[in-house]
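Number of protein chains: 2
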Amino acid sequence: MSVGVARRPRGDDNHPVKFCSQCGSSQLDFRIPEGDSLPRFVCADCGEIHYQNPKVVVGCLPTYDERVLLCLRAIEPRKGLWTLPAGFLENGESVVAGAARETFEEAGAHVDVGELYTLISLPHISQIYMVFRASLRRPEFAPGPESLDVRLFAEHEIPWERIAFRTIGRTLRNYFLDRKLGGFPTRVSSLERRMPAPPDLRGAG
Amino acid sequence: MSVGVARRPRGDDNHPVKFCSQCGSSQLDFRIPEGDSLPRFVCADCGEIHYQNPKVVVGCLPTYDERVLLCLRAIEPRKGLWTLPAGFLENGESVVAGAARETFEEAGAHVDVGELYTLISLPHISQIYMVFRASLRRPEFAPGPESLDVRLFAEHEIPWERIAFRTIGRTLRNYFLDRKLGGFPTRVSSLERRMPAPPDLRGAG
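If you read the protein sequences in the order shown, they are chains E and B.
Just so it is clear: in the first sequence, position 125 is 125 by my numbering, and no numbers are missing.
Whatever position you read off the second sequence (first residue = 1), add 1000 for my numbering.
This is chain E alone, in the form it adopts within the complex:
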């Protein structure tokens, strides 16, 4: 997931449509098209309907010799925190190919992508996270342009207080629990908008 300077995070383009991308008109209505059930931005001039849909983030949980590969983020959001290699699925690629690509881009690592492990919906930001278990072919990796560092962590070394995203924290917690239980079912869940902590709990953990 890349972000540039002074612009929205990549992929965050679910903002209002101000001009029609097909005819350039500024006459956009936000209404329910005929035969549809939800309001869309519809061009009053050419009739183009501008659908906006959730984006898919694909990533890997790469392991080598009982250890998990994490990347230290070099970019916002959550610069300086640790994450699994993951990013937006691109047009024209399969989910497995996307997960492998992100792992190479962010961690310089070649992996064999295994089973789908977590599928987490984030409805408040219209994203779907998919994390696959993966095996590092060799203990060879290096930070890509979006990472400051890449390391293998044993379970007791995981920097739990410095994990970048709730989806990643949940995936890692599930993983170490399932590893003890001896199986890795595909885990489907949702994360809602994070509630602000009440004042007396802020900073408590």
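FYI, nobody ran anything at the bench for these hints, they're computed from the structure.
It should be emphasised that the depicted structure is a prediction, and the values quoted were computed from it without experimental measurement.
Treat the hints with care, since some could be wrong.
As the list claims (entries may be wrong) - Listed below are the simulated DMTMM-like cross-link pairs for lysine to aspartate or glutamate, each with C-alpha atoms no more than 20 angstroms apart in a straight line:
| hint | chain 1 | residue 1 | chain 2 | residue 2 |
| --- | --- | --- | --- | --- |
| 1 | B | K1079 | B | D1029 |
| 2 | E | K79 | B | D1036 |
| 3 | B | K1018 | E | E140 |
Claimed, not checked - Here are a few chain E residues that sit away from chain B, every Cβ distance over 12 angstroms (derived from the structure):
| hint | residue |
| --- | --- |
| 4 | R67 |
| 5 | L81 |
| 6 | G144 |
| 7 | P145 |
| 8 | F153 |
| 9 | T186 |
| 10 | M195 |
Just so you know, even glycine gets a beta-carbon here, dropped at the ideal spot from N, CA and C.
Based on these hints, arrange chain B on the given structure of chain E.
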């Protein structure tokens, strides 16, 4: 999945950006933004980057008493062919909520959504299909506006030659096989562009 008259199928909006949706400029470059690795439509006037990403189709494989619920499509594409209830995931909803919504909209059926069953990438059209196993609460259903008919089919009644989409055919074939095998693992796969059949095989099956 709804389509209107004389327009592209809903969701098929991965076509070139001709005008910037934020400033209305017609000066769109197709280039690799700084820090990115793939070309995007970038506004030369305001700098807006127009990302285009795969869309997610969510649906259910609803069963009741060993039978599977199928819908007869009332709309293009594949009008007059049978399918599982499925459609585009909407912003602000989880994959499970979307699968349940589509099942109610297309089949008038209330279901308890179960495990993720198939996850099929269609890279040539930049779509991801997710089908969940689901239980009909009661044998009550009725065609919604996008369906001509809705019926429960035993395995030997499935209209295999009249299934609307390859994703759905694959899901149904897997399902009846896995049912015999006694388990339903999550099945991740891809379908590539369909090759045209050689002339002497056309119509052969």
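Status of each hint after checking the structure:
no.	hint	in the structure
1	B/K1079 / B/D1029	violated, 38 angstroms
2	E/K79 / B/D1036	holds, 17 angstroms
3	B/K1018 / E/E140	violated, 43 angstroms
4	R67	holds, 25 angstroms
5	L81	holds, 19 angstroms
6	G144	violated, 10 angstroms
7	P145	violated, 7 angstroms
8	F153	holds, 26 angstroms
9	T186	violated, 4 angstroms
10	M195	holds, 17 angstroms
Comparing the model with each numbered hint stated earlier shows that hints 1, 3, 6, 7, 9 do not hold.
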